[in-house]
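Colleague: In order, the protein sequences belong to chains Z and G.
Numbering-wise (my numbering), the first sequence opens with residue 7 and increments by one.
Numbering-wise (my numbering), the second sequence opens with residue 7 and increments by one.
By construction, these hints were calculated from the structure, which means they are not laboratory data.
Treat the hints with care, as some may be off.
What the hints assert, rightly or not - To give a feel for the contact side, a few chain G residues facing chain Z, derived at Cβ under 10 Å:
| hint | residue |
| --- | --- |
| 1 | 28 |
| 2 | 29 |
| 3 | 33 |
| 4 | 34 |
| 5 | 76 |
| 6 | 79 |
| 7 | 80 |
| 8 | 91 |
| 9 | 94 |
| 10 | 96 |
| 11 | 99 |
| 12 | 100 |
| 13 | 101 |
| 14 | 206 |
| 15 | 209 |
| 16 | 211 |
To be verified - Below are the DSS-like pairs computed for lysine-lysine, each with C-alpha atoms no more than 25 Å apart in a straight line:
| hint | chain 1 | residue 1 | chain 2 | residue 2 |
| --- | --- | --- | --- | --- |
| 17 | G | 10 | Z | 104 |
| 18 | G | 263 | G | 227 |
| 19 | Z | 156 | G | 263 |
| 20 | G | 84 | Z | 104 |
| 21 | Z | 23 | G | 285 |
All C-beta atoms in this analysis are idealised placements derived from N, C-alpha and C, irrespective of residue type, glycine included.
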Amino acid sequence: MSGGIYLENGKSQLLFKDKPIKILLAKPGIDGHDRGILVLAKAFRDAGMEVLYAGLLPTPESVVETAVNEDVDVVALSLLNGAHLTVFRKVADIMRSKGIDDIALVGGGTIPDEDKPKLEEIGVTGNYGPGTPLSVIIEHVTTRAAEARKRKLSR
Amino acid sequence: MELKSIVEGIERSDTRSVARAISIVETESLHVERNLIIKSIYPKTGHAGIIGITGPPGIGKSTMIGNLCKILSSKKIKVSVLAVDASSPFSGGSLLGNRIRMQENLSRYGVFMRSLANRGLNGGLSRAVWDAVDILDAAGNDFIIVETVGAGQADLDIVNLADTVIVVLGPGLGDQIQAIKAGIMEIGHIFVVNKIDREGSFIAIKDLEETLAFSTQGEWKIPVYGTNSLTTEGYDDLIRGIMDHSELAKSSMEFRKKRYREEMRIVMQDEVSRILNRKFKDMILNGSELEKLLESKTDPYSAARKILKGSTVKL
Ligand code: B12
Ligand SMILES: Nc1nc2c(ncn2[C@@H]2O[C@H](COP(=O)(O)OP(=O)(O)OP(=O)(O)O)[C@@H](O)[C@H]2O)c(=O)[nH]1
Ligand SMILES: [Mg+2]
Numbered sequence: 007m008s009g010g011i012y013l014e015n016g017k018s019q020l021l022f023k024d025k026p027i028k029i030l031l032a033k034p035g036i037d038g039h040d041r042g043i044l045v046l047a048k049a050f051r052d053a054g055m056e057v058l059y060a061g062l063l064p065t066p067e068s069v070v071e072t073a074v075n076e077d078v079d080v081v082a083l084s085l086l087n088g089a090h091l092t093v094f095r096k097v098a099d100i101m102r103s104k105g106i107d108d109i110a111l112v113g114g115g116t117i118p119d120e121d122k123p124k125l126e127e128i129g130v131t132g133n134y135g136p137g138t139p140l141s142v143i144i145e146h147v148t149t150r151a152a153e154a155r156k157r158k159l160s161r
Numbered sequence: 007m008e009l010k011s012i013v014e015g016i017e018r019s020d021t022r023s024v025a026r027a028i029s030i031v032e033t034e035s036l037h038v039e040r041n042l043i044i045k046s047i048y049p050k051t052g053h054a055g056i057i058g059i060t061g062p063p064g065i066g067k068s069t070m071i072g073n074l075c076k077i078l079s080s081k082k083i084k085v086s087v088l089a090v091d092a093s094s095p096f097s098g099g100s101l102l103g104n105r106i107r108m109q110e111n112l113s114r115y116g117v118f119m120r121s122l123a124n125r126g127l128n129g130g131l132s133r134a135v136w137d138a139v140d141i142l143d144a145a146g147n148d149f150i151i152v153e154t155v156g157a158g159q160a161d162l163d164i165v166n167l168a169d170t171v172i173v174v175l176g177p178g179l180g181d182q183i184q185a186i187k188a189g190i191m192e193i194g195h196i197f198v199v200n201k202i203d204r205e206g207s208f209i210a211i212k213d214l215e216e217t218l219a220f221s222t223q224g225e226w227k228i229p230v231y232g233t234n235s236l237t238t239e240g241y242d243d244l245i246r247g248i249m250d251h252s253e254l255a256k257s258s259m260e261f262r263k264k265r266y267r268e269e270m271r272i273v274m275q276d277e278v279s280r281i282l283n284r285k286f287k288d289m290i291l292n293g294s295e296l297e298k299l300l301e302s303k304t305d306p307y308s309a310a311r312k313i314l315k316g317s318t319v320k321l
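So here's chain Z without its partners, still in its complex pose (with noise of 0.2 Å):
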């Protein structure tokens, strides 16, 4: 596939001109704590993304079928219970065994420092806490976004 231009042209604005960056949203484990989520859909929506929530309660198996159906650029983790390293390892293995290596994975929610390296060690990053600036956020989002984006063009 010819990606060339947008290749070379190492701007994510180019990347995503004529197809905005897709997320998927998801808390694969029992978790109410919906506030957060909600409100990262709306402040992705109103930074040019196109928006996907899971819901709640969906697994780990349905979030990954839902990412690839919908050839997300990103899927965005959110857990506040404490679940964080099994269930965001056990996403990342899902894509692992099906060979998924252009879509980005990022986390968030009620996650202690001393687990942030474990997550970055199996691909999940950003790990953002109560408090983030949404601007930072975002800013994260649209960097992982334009690597999985290059991924898809470059084959």
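Given chain Z, put chain G with the ligands in place with the hints provided.
Modeller: Quick look at chain G with the ligands alone, frame taken from chain Z:
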């Protein structure tokens, strides 16, 4: 993924190939790749029945599609879904909210579903939906269900895309018909009053039957069904209606011809404006000819016609 493997994947009905192909047809700058994909798969199209679902916001379209997926899948009928949502005219972003209402049935029956943003297009569809339908058709689906934006605007484009248009309304009909504009009463092959668990649905069905009493679509008599999409009450009749109408649509070439004609019109329009944007603008609008026209105070209408007529740019 290579284009060749995407095309082969579509013909094998491989989910990731289908999903990636739809991303490509959604990306205007990848039109060369898009054209190659559609050209390669087009001979494989023509099998699927296309069902359009339209109606006012929140009436239950997505929930209904989830139920249809469940019932059709359990009859071993292969079905996929495309659902269109509106993009914000301000940010260009969108909340794609249709999937959540059908997710359970999609997962359970392994149904492919794709949400599409309309990217500012009026008429209830997105530009890419036409290509996405071809891709899903070539992937061997028996039915493709398309949900329109349903934003209270006139979602009339579906009449050219779908073989069977289902208009979903609910109790408190008068206001809804106002809200969705009269045109929509003329595009339905099947009418459904959903939420019959709510008060006023019996009257709504009667009203609708009276309104439609003298309407037909060719030889097809337009039926009105009542459904409760939380319990699937009324779905046996609805499914029978869909099957009957899709038989009828298949037996005549009219529906395919109508779609082909409209698709061609859209493609021609795109092609012309692409050429206009890429070639004319640079070659003529910035050239010395422009200055001459301005100096001689040629009005814009005459000037444009003159440039287009005298142009050596090949369309
Ligand atoms: C409001 C609240 C509730 C409400 C939730 C209402 C709702 N519908 O959301 C109610 C009262 C229902 C509730 C219940 C419970 N809660 Co509570 N709740 C909170 C509280 C006070 C605020 C959460 C909130 O809404 N914040 C506002 C939103 C906008 O911020 P946010 O969710 O943090 O999201 C932001 C960031 O974290 C980040 N972010 C979040 N997700 C993601 C994802 C990505 C990808 C990125 C990049 C960023 C990101 O961006 C968001 C926007 O800025 C927190 C304490 C706290 N200060 O965080 C406790 C807290 C989350 N709750 C807690 C607990 C234990 C519970 C309960 C189990 C029982 C209890 N003790 O009350 C139940 C369980 C409910 C359930 N079914 O899951 C604990 C969790 C501890 C843990 N992690 O182990 C907390 C931390 C309180 C505490 N210190 O003990 N809770
Ligand atoms: N009581 C009742 N509620 C229903 C019925 N069908 C759907 N609903 C509810 O109506 C709400 C909207 O349903 P959706 O399926 O999202 O409606 P929609 O027409 O797709 O909505 P938009 O896509 O936003 O225009 C949901 O809360 C459904 O659970 C029904 O038959 N009876
Ligand atoms: Mg809907």
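Colleague: State for each hint whether it applies.
Modeller: Now for the hints, and whether the structure bears them out:
1. 28: 7 Å, holds
2. 29: 5 Å, holds
3. 33: Hint holds; residue 33 (chain G) Cβ to chain Z Cβ min 4 Å, cut 10 Å.
4. 34: Holds, about 4 Å.
5. 76: 16 Å, violated
6. 79: With Cβ-Cβ at 15 Å, over 10 Å, it is violated.
7. 80: 19 Å, violated
8. 91: 9 Å, holds
9. 94: 7 Å, holds
10. 96: Nearest chain Z Cβ about 8 Å off; hint holds.
11. 99: 4 Å, holds
12. 100: The hint holds - residue 100 (chain G) has a Cβ within 10 Å of chain Z, the shortest such distance being about 5 Å.
13. 101: 5 Å, holds
14. 206: Violated, because the Cβ-Cβ distance from residue 206 (chain G) to chain Z comes to roughly 30 Å (cut-off 10 Å).
15. 209: 34 Å, violated
16. 211: Nearest chain Z Cβ about 32 Å off; hint violated.
17. G:10 - Z:104: It holds: about 20 Å lies between the C-alpha atoms, which stays within 25 Å.
18. G:263 - G:227: Satisfied, since the Cα-Cα distance of roughly 21 Å is no more than 25 Å.
19. Z:156 - G:263: 39 Å, violated
20. G:84 - Z:104: 23 Å, holds
21. Z:23 - G:285: Satisfied, since the Cα-Cα distance of roughly 20 Å is no more than 25 Å.
Hint check: violations occur at hints 5, 6, 7, 14, 15, 16 and 19; the rest are consistent with the structure.
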